[in-house]
Amino acid sequence: MAVPVCARRHTPVADSSLWPWSSACPKGVAGRPLAAIAPCGVRTFLDARRHRDCPICPASVIVREDDTSLPTLAALTTLHPGPAQTGGGASILELTAIACARGTRQLFEDLDAHVGPGGLLRVSGPNGAGKTSLLRTISGLSRPEHGAIRWQGEDIRRLGENYSSQLIYIGHAPASKAELSVHENLAVSLALQGRRPAATQIDAALQAAGLSARRAVPAGLLSQGQRRRLALARLTVQPPAPLWILDEPFTALDATARGWLVGLIQDHLRGDGIVIFTSHDRTGLETLPQQVIEL
Amino acid sequence: MSHTELRTMRCVLTRDLRLAWRRRTDSIGALVFFIMVTGLFPLGMNPDPTVLRDIAPGVIWVAALLATLLTLPKLFAEDHADGTLEQFLLAGTPLPLLLLSKTAAHWLGTAVPLIVIAPLMALQFNLPAEATGTLFLVLLLGTPTLSLLGAVGAALTVGVRGAATLLAILILPLYIPILVFGAAAVGDSLRGMPADGYYATLGAMLVLALFLAPWASAAALRIALD
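One line per chain: the protein sequences are A and B, in this order.
Counting from 1, position 46 in the first sequence corresponds to residue 46 in the numbering used here; the numbering is continuous, with no gaps.
Counting from 1, position 136 in the second sequence corresponds to residue 136 in the numbering used here; the numbering is continuous, with no gaps.
Check the hints yourself; a few may be wrong.
Distance ranges between label pairs, derived from CB positions [what the hints assert, rightly or not]:
#1 B/Ile176 x A/Ser124: 29 to 39 Å
#2 B/Leu43 x A/Ser223: 46 to 56 Å
#3 A/Gln201 x B/Ile176: 15 to 25 Å
#4 B/Val160 x A/Asp155: 46 to 56 Å
#5 B/Ala81 x A/Thr96: 25 to 35 Å
#6 B/Val116 x A/Val292: 56 to 66 Å
#7 A/Arg270 x B/Val160: 24 to 34 Å
#8 A/Ala99 x B/Val116: 49 to 59 Å
#9 B/Val116 x A/Arg270: 41 to 51 Å
#10 A/Asp281 x B/Ser2: 40 to 50 Å
#11 B/Leu66 x A/Ser223: 32 to 42 Å
#12 B/Arg10 x A/Asp203: 20 to 30 Å
#13 A/Ala148 x B/Val112: 54 to 64 Å
#14 B/Asp196 x A/Ser212: 37 to 47 Å
Far from chain B, some chain A residues (derived; all Cβ distances over 12 Å) [what the hints assert, rightly or not]:
#15 Ala129
#16 Arg143
#17 Pro218
Derived from the structure by calculation, the hints contain no laboratory data.
All C-beta atoms in this analysis are idealised placements derived from N, C-alpha and C, irrespective of residue type, glycine included.
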């Protein structure tokens with residue numbers, strides 16, 4: 001029998017007296033505001049339209065109609081002061097003895113990292129050191145040669161789509177189609193994440209990205225910086241995915257857009273999100289507490 | 001399958017159809033190729049109506065098959081180049097379902113115009129109405145399998161230099177059963193024999209491909225992008 005854990009699988013709760021609710025999976029309760037209630041009484045908001053099934057099955061928490069009298073995930077750190085590395089909370093993302101090779105070349109090995117809620121992880125190193133490979137590995141696009149990556153205590157390979165639906169990966173390429181309009185591109189990107197935001201939300205995201213005047217313009221007519229902003233506009237749609245993996249997100253952005261992105265990242269960290277990014281330049285994030293992996 | 005997955009599949013289908021429409025030169029190119037190949041045979045061969053009628057099923061099927069093959073290298077190549085494939089792999093919807101949508105869009109954008117124009121091409125070969133009807137039906141049953149099998153080849157060769165040649169070498173042998181049964185159905189229809197058995201066989205191939213090909217394509221893409 002699985003040991004119950006808190007809402008984000010941080011901490012096993014050995015004391016069964018803290019487990020007053022049944023662990024039935026709430027499939028079929030779509031459409032109503034739900035919250036995952038952990039045995040410790042912490043609630044994590046869930047959007048039933050995004051999480052088609054119980055996202056934490058086999059259910060160690062109960063997903064039920066939200067109860068606003070309970071504390072939010074922000075209180076988790078106090079309730080479960082785990083072995084924090086970055087972010088001050090218990091570890092959500094764990095990289096253990098990761099090794100990666102490209103062809104016959106070993107890029108890195110024995111790489112460990114633990115990132116908790118509100119954690120910022122910067123991956124740095126010279127060109128070809130394996131920064132993108134590491135980000136792709138963390139996102140699940142590539143398999144590590146050795147080692148394991150765990151999200152909320154579970155191997156990301158086992159989690160499959162339940163893991164990928166909780167992350168946003170923005171790579172070097174903009175993932176937009178030149179023939180589709182800015183609005184269409186963003187709608188498709190969000191649909192792939194399993195989201196169905198209202199048109200007003202998409203418009204709000206485009207406005208935040210400074211692209212509202214170009215919403216009907218084919219993405220092929222945008223500048224590099226604007227295409228980058230279009231890719232980053234996905235980050236502004238609420239509720240945000242908890243894990244952001246950003247490969248050189250500041251590339252091609254002007255000063256205003258860089259400031260906007262720094263603000264987005266800060267807001268995300270304040271909301272207990274995790275950000276993993278690479279950058280060669282000064283970004284404006286240097287003043288924040290962060291973990292750095294030097295490859 | 002959940003509502004979210006269905007919605008995402010529909011979104012991918014709509015996106016690809018929209019792209020096919022806005023880049024219609026690709027689909028038109030395949031259609032023109034099909035028309036030209038089927039049109040060249042009556043010009044280059046003995047114009048005896050009996051000879052033309054006998055070769056029609058094979059010529060039309062080979063032309064349809066090559067026209068489909070012509071469009072396959074682009075099925076994943078552009079999504080790979082612009083990073084969209086990575087987003088597919090990280091989508092909340094299982095990859096095989098997304099690839100099924102993409103393949104459906106490929107079939108609608110490439111094969112359906114060929115199926116629609118095929119009866120007109122059959123006129124050049126002096127095919128009787130009944131055989132033309134059979135040709136239409138076997139194309140309708142066989143071309144989705146061509147797209148599904150082609151998607152597996154396209155996934156295996158994504159990002160590979162010389163992908164088009166490799167794709168043809170990989171996929172053409174898999175197309176042989178469809179070509180044989182598709183052409184034989186029209187041939188038997190010409191001789192006044194029923195083609196029901198061929199419909200059943202092509203239908204069975206389609207069902208098998210529908211269930212297996214998207215999963216094979218997904219596995220191939222994951223390997224290619226690893």
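Checked hints:
1. B/Ile176 x A/Ser124: 29 to 39 Å: Check failed, 54 Å falls outside 29 to 39 Å.
2. B/Leu43 x A/Ser223: 46 to 56 Å: Between B/Leu43 and A/Ser223, where Cβ atoms are some 50 Å apart, the hint holds.
3. A/Gln201 x B/Ile176: 15 to 25 Å: Given a distance of about 50 Å, which is not inside 15 to 25 Å, the answer is violated.
4. B/Val160 x A/Asp155: 46 to 56 Å: Given about 30 Å between the Cβ atoms, the range is violated.
5. B/Ala81 x A/Thr96: 25 to 35 Å: holds, 34 Å
6. B/Val116 x A/Val292: 56 to 66 Å: The hinted range 56 to 66 Å holds for B/Val116 and A/Val292, with Cβ atoms some 60 Å apart.
7. A/Arg270 x B/Val160: 24 to 34 Å: With Cβ atoms ~45 Å apart, the hint is violated.
8. A/Ala99 x B/Val116: 49 to 59 Å: holds, 54 Å
9. B/Val116 x A/Arg270: 41 to 51 Å: violated, 57 Å
10. A/Asp281 x B/Ser2: 40 to 50 Å: holds, 42 Å
11. B/Leu66 x A/Ser223: 32 to 42 Å: Between B/Leu66 and A/Ser223, where Cβ atoms are some 40 Å apart, the hint holds.
12. B/Arg10 x A/Asp203: 20 to 30 Å: holds, 22 Å
13. A/Ala148 x B/Val112: 54 to 64 Å: Distance hint for A/Ala148, B/Val112 is violated at roughly 47 Å.
14. B/Asp196 x A/Ser212: 37 to 47 Å: Roughly 59 Å apart at Cβ, these two residues miss the hinted range, so it is violated.
15. Ala129: Fine: 19 Å to the nearest Cβ keeps A/Ala129 off the interface.
16. Arg143: violated, 6 Å
17. Pro218: Its Cβ does come within 12 Å of chain B, the nearest being 8 Å, so this is violated.
The earlier numbered hints that this structure contradicts are 1, 3, 4, 7, 9, 13, 14, 16, 17.
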